[in-house]
Amino acid sequence: MNSQIQREVTQLILDRKLKPGAPLPTETELMEDLGVSRNSVREALKALQALDIVEIRHGYGTYVGQASLTPLVDGLTFRTLSLLGDDAHALGEILQVREVLEEGLIRRIAPSLTERDLDALEEIVVRMEAAGRENQPFPELDREFHERLYRALGNELVPQLLGAFWNVFHRVAGVRGWTEDPAPEVTVRRHRDILTALRARDVEGAQRAMADHFRGIEARAAQETHGVQ
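Quick note: the sequence shown uses full-length UniProt numbering, first residue 1, plus one each step.
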């Protein structure tokens, strides 16, 4: 019953073309529209809030949520952490999905990158190199590189999806105490290799460089998983 009410509320949002942040009908109005009790409406709204489909603002009302990928991140983080005790491949599965996505995406984006795009990536790599020389961590620069790389696709879901897998990895790393990159110079070099191949319009080379980058991350994750229990 509750899941049916959730679907009906979701359909109401779609039918009325309500955008994120728009107010939903009141509980009383939803009761009348859906023909259900107040408790049923409240339970359905709570469930939809957990999915970021609606946002309940106590004292103000209920609004259309952002429909972000936060619930996906939370679920994958829990899954990965719960499996790590017995299964060292749990984190590797997350990395593998991201790798498959990025290898496909880089093949699509490589031929269409402009000099402006490449110069923007160059600037990020230069900052990574500078941080590496000063023994400063640069995870946010790493993330910025990948987000900037695919911006020209014009696909808003791409950075959200890649960001979700990024957040899962770094949440797990934080919980397990994997705070430092043991070989930052290698990480920098692999990003430089990706950029060099992109500048040369070498699509296959860019894919290989991206694969090498992920081999390094996976090796680190496997080492950390076996070393920290």
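Hints listed in this document are in silico derivations from the structure and should not be mistaken for laboratory results. In this text the structure is predicted, and so the values were computed from the model without any measurement. Please note: incorrect hints may appear among the correct ones.
What the hints assert, rightly or not - With a straight-line Cα cutoff of 20 Å, these simulated EDC-like cross-link-like pairs (lysine to aspartate or glutamate) come out:
| hint | residue 1 | residue 2 |
| --- | --- | --- |
| 1 | K17 | E27 |
| 2 | K17 | D74 |
| 3 | K46 | E29 |
| 4 | K19 | E29 |
| 5 | K19 | E156 |
| 6 | K19 | D52 |
| 7 | K46 | E32 |
| 8 | K46 | D33 |
| 9 | K19 | D74 |
| 10 | K17 | E29 |
| 11 | K17 | D33 |
| 12 | K19 | E8 |
| 13 | K46 | E27 |
| 14 | K46 | D74 |
| 15 | K46 | E103 |
| 16 | K17 | D52 |
Here is how each hint holds up against the structure:
As the CA atoms of K17 and E27 are separated by approximately 19 Å, the hinted pair is consistent with the 20 Å bound. Restraint check for K17 and D74: the C-alpha separation of about 28 Å exceeds 20 Å, so the hint is violated. Restraint check for K46 and E29: satisfied, since their Cα atoms lie roughly 17 Å apart, inside the 20 Å limit. Proposed proximity of K19 and E29 is supported: the alpha carbons are some 19 Å apart, at most 20 Å.
In summary, the hint linking K19 to E156 is supported, as the alpha carbons are separated by about 16 Å, within the 20 Å threshold. A distance of roughly 13 Å separates the Cα atoms of K19 and D52; the hinted pair therefore holds under the 20 Å criterion. The straight-line distance between the Cα atoms of K46 and E32 is roughly 19 Å, inside the 20 Å bound, and the hint therefore holds. Distance restraint check for K46 and D33: the Cα-Cα separation of roughly 18 Å lies within the 20 Å cut-off, and the hinted pair is therefore satisfied.
Between K19 and D74 the alpha-carbon distance is near 24 Å, which puts this suggested pair outside the 20 Å criterion. Between K17 and E29, the direct Cα distance comes to roughly 17 Å. Compliance with the 20 Å bound is thereby established for this hinted pair. Taking the CA atoms of K17 and D33, the gap is about 17 Å. The hint holds against a cut of 20 Å. Between K19 and E8 the CA atoms are separated by roughly 17 Å; this keeps the pair inside 20 Å, and the hint holds.
Between K46 and E27, the direct Cα distance comes to roughly 12 Å. Compliance with the 20 Å bound is thereby established for this hinted pair. Between K46 and D74, the direct Cα distance comes to roughly 17 Å. Compliance with the 20 Å bound is thereby established for this hinted pair. Annotation: proposed proximity of K46 to E103 is violated, straight-line Cα distance about 38 Å (limit 20 Å). Pair hint K17 plus D52 holds up; C-alpha atoms about 17 Å apart against a cutoff of 20 Å.
Consistency note: the structure conflicts with the earlier hints numbered 2, 9 and 15.
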